[in-house]
Amino acid sequence: MTHEIVDNPLTEADIVTSEIPMNVQTDPASKKRKNVQGSEANKKPKVQENRAIYVSNLPRDTNEQEIEDEFKKYGIIDQGADGNKRIKMYKDDEGNFNGDCLIVYFKKDSVDLAIRMMDEYYFRIEDQSQGTIRVKEADFSYKKHKDGDEIASKLTRKDKKASERNRAELNRKLAEWSDNEDEIAETFAPKKNKWAKVCILRHAFTLAELDEDDAAILEIKEDMREEAETFGEVTNVTLFDKEQDGIIAVRFKEFESAEKFREANHGRHFGGRKLEVTLAEEKPRFKKSAKGEEPDSDEEERNLERLARQQ
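Here full-length UniProt numbering is used: the first residue of the sequence shown is 1, the next is one more, and so on.
A few of these clues could be false.
[Unchecked claim] DSBU-like, lysine-lysine: derived pairs with alpha carbons at most 35 Å apart:
id, residue 1, residue 2
1, K253, K242
2, K274, K242
3, K136, K88
4, K194, K283
5, K221, K242
6, K73, K108
7, K85, K73
Just so you know, the hints here were simulated from the structure itself, not pulled from any lab data.
Please take these sequences and the hints and turn them into a complete structure.
If you want it as structure tokens, here you go:
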């Protein structure tokens, strides 16, 4: 950091001859300004934590996955708002990788470890023809890259939630690097979204099936409930019979049950169709009629709303 020296406009003679007599009252406004300036002077500047390293002299045929595999040994690599690893590979004028890259870690401690372990070492032990790589702490210029804070301010609500999930996942992985995993896991446990108890299933039925048989709604819901209850207590199953994507919402009593159900059923076939299963991020707002409505649906929803207000 360069410090700019500014000449003081007051000379020593000016200071001596500008004394204020003791019996002269100062302007209250000037006192106020002085107090404000004093309080600002006492504020400590915010220290920006640098979590990035700059790597040079990498083999030109290196790819991002190879870089990630090597440098993730020294800490968790951060993720951008889009969910991608924060690895920036620089290119020459012809668009080819020039051997330099920037890596942003999730924790600053990883920077020192990566430098200690990789600086002036061979990137590939089996190929030492290019010499050793250089690893150093990066300056703060990486903040200007489009995968950093600049793009975060333009995120949609959905993107911000995805970013929050990414950060929570990195915090969970942080426990793997700690000697006290229980303490780390408790400290960084992500706050549960109240709607994450609800699994949203797509392609569970077709509208043609519902038109052909009036009892199809109840039969499909019963089959889905029976399958879901093998993973935990189910409080509600809602079939949205006005949606072309064949959407069903299954609400569990516990978060863990919903997560297990999603993991086991995403990509599986149901009624000859491949299911797409996700956890709800907010209240499901799909179209449906009153057919086959479960009596506990509204009550369960009110309970969730009350829980949200209490948090």
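We went through each hint and held it up to the structure:
no. : hint        : result
1   : K253 x K242 : 26 Å, holds
2   : K274 x K242 : 19 Å, holds
3   : K136 x K88  : 15 Å, holds
4   : K194 x K283 : 9 Å, holds
5   : K221 x K242 : 15 Å, holds
6   : K73 x K108  : 14 Å, holds
7   : K85 x K73   : 14 Å, holds
Violated hints for the displayed structure: none, as all numbered hints are satisfied.
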